[in-house]
Each structure stands twice: as structure tokens, then as C-alpha cells.
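J.: The residues making up each chain are set out below.
Protein chains: 2
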Amino acid sequence: MSLKTIALAAAAAAVTLVSLPAAAQFAKSEDAIKYRQGSLFVIGQHFGRIGAMVNGKAPFDAKVAQENADLVASLAALPWTAFGPGTDKGAAHKAKPEAWTEQAKFNEHADKFKAEAVKLAAAAKTGNLDNLKAAFGPAASSCKACHDAYRSR
Amino acid sequence: MSLKTIALAAAAAAVTLVSLPAAAQFAKSEDAIKYRQGSLFVIGQHFGRIGAMVNGKAPFDAKVAQENADLVASLAALPWTAFGPGTDKGAAHKAKPEAWTEQAKFNEHADKFKAEAVKLAAAAKTGNLDNLKAAFGPAASSCKACHDAYRSR
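Chains as they are written, first to last, in the numbering used here: chain V, 1 to 153; chain H, 154 to 306.
FYI, nobody ran anything at the bench for these hints, they're computed from the structure. Model, not experiment: these values are computed from the prediction. Among these hints, one or two may not hold up.
[To be verified] Pairwise CB distance ranges (calculated): (1) H/302 x V/148: 38 to 46 Å; (2) H/205 x V/100: 36 to 44 Å; (3) V/60 x H/239: 22 to 30 Å; (4) V/30 x H/301: 21 to 29 Å; (5) V/52 x H/253: 34 to 42 Å.
By construction, the Cβ of each residue, glycine as well, lies at the ideal position given by its N, Cα and C atoms.
All chains, full assembly: derive it from the sequences and hints.
T.: Here is the structure:
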């Protein structure tokens with residue numbers, strides 16, 4: 001698959017991403033915390049199913065890979081809307097204070113993941129395991145970079 | 154909008170639904186519980202944003218309504234994959250034992266909600282508030298019916 005093909009596929013996938021405003025959309029801080037924890041957990045599960053195929057721990061099934069990657073791409077925009085002002089308190093969570101004090105840098109991480117998720121979905125759409133493997137690594141790295149910087153152990 | 158138009162739009166929306174197998178996809182029961190709680194919570198938040206517009210508590214914005222309805226329709230298939238055998242234990246949750254002992258009936262509720270979510274997304278796509286209102290009621294009823302039957306207070 002050429003780079004141009006990948007770029008076109010990624011652009012096609014990108015238009016399906018939602019443009020939900022990041023403004024306060026939660027009745028209370030606890031809701032925002034549950035929302036981001038819930039959406040990140042669901043993303044992690046679907047991302048992990050692709051990872052299992054990429055790492056040879058599950059048989060490669062192009063259709064299943066694409067469904068999971070499409071879900072990850074659809075969900076990738078959600079969690080960040082729930083890190084608004086004041087949502088650092090209200091319930092137990094593992095996000096470090098820097099997620100709020102370094103908001104621009106935090107958002108760069110979020111944008112990086114969203115972009116990688118689009119590329120992953122485009123790679124999955126090709127039905128080729130090598131393409132999926134090539135896109136999975138950078139996507140996983142974008143998860144890890146943000147977790148290392150902004151998630152307490 | 155004619156019933157035929159609604160039916161066609163619903164059919165178009167339906168093809169975007171994922172066909173994830175309901176088989177055991179979780180490493181442990183606790184993961185399934187977190188997954189279904191997380192996905193249901195995210196669905197509830199987006200469904201609630203549509204409800205606010207339908208009930209006049211938020212200004213109607215056709216684009217926002219459609220984004221939220223599309224998300225609900227995309228997510229509507231997820232929670233039920235996490236009610237597999239053995240997932241009635243493993244972490245605190247509110248699902249009643251009947252969700253496992255009356256599986257066929259429980260699945261009917263899930264299917265009803267999925268169908269209503271598709272109709273809601275189709276209605277939102279028309280950009281017409283009256284269509285949205287007409288589809289919201291039955292969708293909300295499908296949530297309530299299942300909660301009344303299978304969720305502890």
C-alpha cells in the first residue's frame with residue numbers, strides 16, 4: 001500500500017470523527033471522571049484486541065481488526081472532553097495534576113493519539129496484517145507516552 | 154419525512170453497527186464489568202445530551218444531536234458483549250442475577266435498545282427536532298424497561 005493510499009484512507013476515516021465541543025458537558029465532576037475512565041477503559045479493551053492479533057496472541061481476523069480499530073477511532077475523541085476545569089476533583093482517579101496545569105501539552109498527547117487512531121483504522125481497513133502492525137506500534141506509543149506523563153501508577 | 158425515508162435512513166445507519174461476537178473477550182470478569190459499566194455510562198451521557206434538547210433544557214443543535222445519536226448507535230452494541238457467563242461476579246455491580254438466568258429475555262431488551270438507537274440516529278440525521286422527539290421517547294423507554302427489569306436500585 002502506498003503512502004498516498006494510506007493518507008487518503010486516513011483522510012476518509014478522519015471525517016467520521018466527531019467534533020464534540022470540549023466545553024463543560026457534565027452535570028458534575030464525578031460524571032466527567034466516570035466518563036473519561038469508562039471511555040478510556042473501553043478504548044483500551046478494543047485496542048488490546050488488536051494488540052493481541054499484532055503480537056500473535058490471537059489469530060488475525062481482518063474484519064475483527066477493522067471493527068476494533070473503527071471503534072478505537074470513534075472513541076478516541078471522547079475522553080479529553082472530560083478533563084475540563086474542576087474535574088481534577090470529585091472522585092478517585094489516577095490523572096496527575098499536570099493534566100490540568102500543562103493543558104496544552106496534555107492536549108498535544110490527546111491529538112497525537114487521535115491521529116494515530118485514525119491511521120490505525122485506515123491500516124486495518126486494508127485487511128493486511130503488516131499494515132496493521134506498522135500502525136499499531138506508533139499508536140501504542142502514543143498511549144504510553146501520555147500514561148507515563150499524566151497517569152499515576 | 155415519510156416512513157419509507159425513515160426506514161431507509163435506519164437501514165443505512167444499521168450497516169455501521171459492529172458485529173462483535175458476544176463470546177468471551179475479556180481477560181477477567183472484572184474487566185467485563187468495568188467495560189459494560191463504562192460503555193453504558195458513556196451511552197447514558199450522550200443519550201442524556203439528546204434528552205436535554207428534546208426536553209427543552211438545552212438549545213436544539215442539529216449537528217450536536219446527530220453526533221450524540223451517532224455515538225449512541227455506535228456504542229449500543231457494546232455493553233451486552235460483557236454480560237457473558239461468569240461475569241455476574243468479580244466486582245461490585247448492579248445487574249440482577251436475572252440478566253444471566255433470563256438471558257433470552259435480557260437479549261431481547263438489548264436488541265430493542267439497539268434498534269431504537271438506530272432509529273434515533275436516523276431521526277437525528279434528518280435535522281428535524283420533531284423527528285428527534287418522536288424517536289427519543291421509544292429509545293428512552295427501551296432503556297427504562299431494561300433498567301427496571303435487570304438493574305438493582
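J.: Does the Cβ pair residue 205 of chain H, residue 100 of chain V satisfy 36 to 44 Å?
T.: At 26 Å between Cβs, range violated.
J.: Using the C-beta atoms of residue 302 of chain H and residue 148 of chain V, is the stated range 38 to 46 Å upheld?
T.: holds (44 Å)
J.: Assuming the hint says 22 to 30 Å, is it satisfied by the Cβ distance from residue 60 of chain V to residue 239 of chain H or not?
T.: holds (27 Å)
J.: Between residue 52 of chain V and residue 253 of chain H, is the Cβ distance one that fits in 34 to 42 Å?
T.: Given about 26 Å between the Cβ atoms, the range is violated.
J.: So does residue 30 of chain V sit 21 to 29 Å from residue 301 of chain H, Cβ to Cβ?
T.: Holds - the Cβ-Cβ distance for residue 30 of chain V and residue 301 of chain H, about 24 Å, lies within 21 to 29 Å.
Checked against the numbered hints given earlier, this structure breaks hints 2, 5; the rest are met.
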